[in-house]
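Participant: Guided by the hints, dock chain B onto chain A, whose structure is given.
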Amino acid sequence: MKYVVWGLVLLLAILHQDFWNWENTNLLFGFMPVALFYHACISLGACATWYLATLYAWPLDDEAEIETSHVGGASK
Amino acid sequence: MTQLIIIGCYLALLLLLGIFSSTLFKGTSKDYMLASHSIGPFLLLMSIFGTTMTAFALVGSTGKAFVDGVGVYGLLASSSGIIHSLCFFVLGVKVWKYGKKYGYKTQIQYFRDRLESDKIGVILFPVLVGLVIPYLLIGVMASGTVINKVTAGRVVEGKVVGATFEEGTFPKFLEYAKNPDKPELPASFASGSTGGFPKHIASLVICAIVLIYVFFGGMRGTAWANTFQTILFMVLGIVTFYMIAMKLGGKSTLYESICAASASIPKDKLMRTHIAQSKFLTYMFVPLSVGMFPHLFQHWLTAKSANSFKLPVVAHPLFIMIVWVPCVLIGAWATGGLIQIPPHIAANENSILPFLVGKLTGPVLGGFLTAGILAAIMSSLDSQFLCLGTMFTTDIYIHYKEKGSVSDKQEIFVARSFIIAIVAITYIFSLFEPRSVFTLGVWSFSGFASLFPLIFAALYWKGLTKAGAYACVIAASVSWIYLFAASGFAKDEEYAMQLGAYEVMPVTMMLLASTVAMVVVSLVTPKPSAATMQKFFPEKNAA
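As they're listed, the protein sequences go chains A and B.
For the first sequence, the working numbering gives the first residue as 1, with consecutive numbering after it.
For the second sequence, the working numbering gives the first residue as 1, with consecutive numbering after it.
With the rest of the complex left out, here is chain A (with noise of 0.2 Å):
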C-alpha cells in the first residue's frame, strides 16, 4: 500500500502538467473556468492522498523510542 500512495503522489504530479486544457476556453456549470476546475480537483486529489498516505505511510514507526535526550544536541 505505501507503494501505491508513493504512486499516487507521482501520478498527481503527472496530472499536473494538464497541456491538453491549454486553449481550453469553456466554462463548467456556467462559471467554473476548466483550467481552474481541473488545478482544483488536483488539490483535492493531493488531500486525499496525503490522507492514503497518513493511514499507510506515516514515516515515523519510533514515536515511543523519542526521549528528550538533549546529549551532544543542539550543537551547544
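Please keep in mind that the hints were generated in silico from the structure rather than gathered at the bench.
The C-beta atom is built at its ideal place from N, Cα and C for all residues, glycine as well.
Be careful, since some hints might not be right.
Derived contacts from chain B toward chain A, CB cut-off under 7 Å, selection only [stated by the list, open to error]:
id, residue
1, Cys259
2, Val314
3, Leu318
4, Thr532
Heads up, simulated BS3-like pairs for lysine-lysine below, C-alpha to C-alpha not over 30 Å straight-line [claimed, not checked]:
id, chain 1, residue 1, chain 2, residue 2
5, B, Lys409, A, Lys2
6, A, Lys2, B, Lys535
7, B, Lys462, A, Lys2
8, B, Lys94, A, Lys2
9, B, Lys409, B, Lys304
10, B, Lys97, A, Lys2
Facilitator: Coordinates of chain B only, in the frame set by chain A:
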C-alpha cells in the same frame, strides 16, 4: 473613516490576544521560541497554513490572475498542495523527531550537528536571513497598499473625491507620488495617497503591531494569533467573494452573478497560451521552498507529537484551494468589462484586491474585509519576525558565548533587538519602488527551494559531507544573486531562462547548480564520523 476605525479595533484585538497569551508565558526561552512543544494538530494546521498563506496568496494571486488569467492557480496553488504536504510529510516529521530528541530550536543547530561543522552556521545564517527579507518585504508592502487603497478616494477628471483625508493632512512626501504611466508629469496627490491613509505609515503601524504581539506572546502568542487570523481571513475571504460576485455580476442570486462575472472574462485570461508548458512544469520546483523556510521549521518543532502533523498534511491542499480559487476568480473577473479599473490601479497589480473591496463593498463591510486581508499578511509576518530572533540568538549570539553566560532574559532581549533591526531594514526597502508581490514572492521562494537538496540530503543521504553542504549553499546563493540581478531585482516580471529549446523558471538552474555542487563535492570529501552517522542513521538492530 469607518474602515479605519474597524481596522484599528481589529489591531487592538490582536494586541489583547498577545497580552493574554503572555499570561501563560513560562519565562523560558524554549517557551518563547517553541511554545514548549505544546502545539496540537489544530493549532499546528492553522499556524502552518496561516504562515504559508501570505500577502502572496491573497493580494498576489488576485493581482497575478488580473495580469495572467486563471492559469495562476495551476502555477502555484495546486502544485503547492502536492509539494507542501510532501515536505511536511517527508521532512517535517523527521525534523520534529530530531528536534524533540536533541533539543534543536533552529535549522542551523541541526545542520551543525549533522555535518559536524560549526562554520555551516556562519555560511547559512546570512543566506537564510537574506532570503527572508524579500519574503517580509511582500507583507510589509502589501499591508500598506491594502490600507491605503481601501481608504482612498476616487479620481474624477484629475480631482480626488470621496477621500478619507483631505490633501495636506499628512506631509507632502507621504501624500504625493508620480504617475507610473506618465513619469514625465510632476508628483501629485491624485497619483499618491489619493486621500487614503498613507501606505508608508500604514506599513509602519502593521510592523509595530506585529512586533508588539510577538514580543508579548512569543511562539504561543504567535500560534494563537495565527489561528485566530487564519480563521478570520478564511471566513472573511468567503464573504469578500460573495460580495464582489454579487456586485460585479449584478444578478439576484449568487449563482447567476457568478455566471455573469465569469462570462465577462476575456478568452485570453481563460487560456494559458502565454505561459510556456516547460515554464509551467518548472514552476513546480518553487513550492519546495517550504522545506527550508526557517519560520516553518520552527513551527514544525512546536508540535506536541508526530501525529500532530497528520491534520496539516491532509488539510493543507484543501485549505489552499479554499483561499486561492476565489482570489483567482476575482482577479480574472476584474479583467472583464463589468468594472472599470483605473489605469493607476491596473499599473500596480497589488492594488487590484483592495481596490475591488473598497469600490464594491460599503465602509463597514469594507473595514472587516480589509481586516481579513491584513490577518493573512500578519499571520506570516509574526512567524518570520519570531524566527529571525530565534536564529540570531541561538545560532550566533549564544553559540559564540561561553556556555551558561547568557540568561533567558538576555536571550529574549537580544532576539527582540535583532528582530527590530531586520524589520527596520525591510521597512527601508519597502520605501523604494514597489515590486509585484507575486514576482518578489517567487524569487524569495526560489532561493529557499534551491536549498531544498541540503535538508533532503541531510535527512536521507549518508553520503552528505560538510564540504558538500558548503558547496550547496554557495552554489544556491551565488546563482540566486546572479539571476535576481539579471531580472532587474524582480523588475522583469516575466524573467525566464532557456534550457536548450525550453523556457524554464530560474529556480530550475539554481536547483540544478546546488544539487550538482552538493553531490560532486560530497563524493570526493570525507564523511562525518561513525558516531554522527549512528546518531542520525541508527541501524535498526543496533543496541
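Participant: Confirm or reject each hint.
Facilitator: Verification of the supplied hints:
The closest approach between the C-beta of B:Cys259 and any C-beta of chain A is roughly 4 Å, which is under the 7 Å cut-off, so the hint is satisfied. Hint status for B:Val314: holds, given a least beta-carbon distance of 5 Å to chain A, under 7 Å. With a least beta-carbon distance of about 5 Å to chain A, the hint placing B:Leu318 at the interface is held under the 7 Å criterion. For B:Thr532, the interface hint is violated, since its Cβ never comes within 7 Å of a Cβ in chain A; the closest pair sits about 9 Å apart.
Annotation: proposed proximity of B:Lys409 to A:Lys2 is violated, straight-line Cα distance about 47 Å (limit 30 Å). Between A:Lys2 and B:Lys535, the direct Cα distance comes to roughly 26 Å. Compliance with the 30 Å bound is thereby established for this hinted pair. A distance of roughly 23 Å separates the Cα atoms of B:Lys462 and A:Lys2; the hinted pair therefore holds under the 30 Å criterion. Between B:Lys94 and A:Lys2, the direct Cα distance comes to roughly 18 Å. Compliance with the 30 Å bound is thereby established for this hinted pair.
Between the alpha carbons of B:Lys409 and B:Lys304 the distance comes to roughly 25 Å, so the proposed pair stays at or under 30 Å and holds. Among the hinted pairs, B:Lys97 with A:Lys2 is consistent with the structure: their alpha-carbon atoms are about 21 Å apart, no more than 30 Å.
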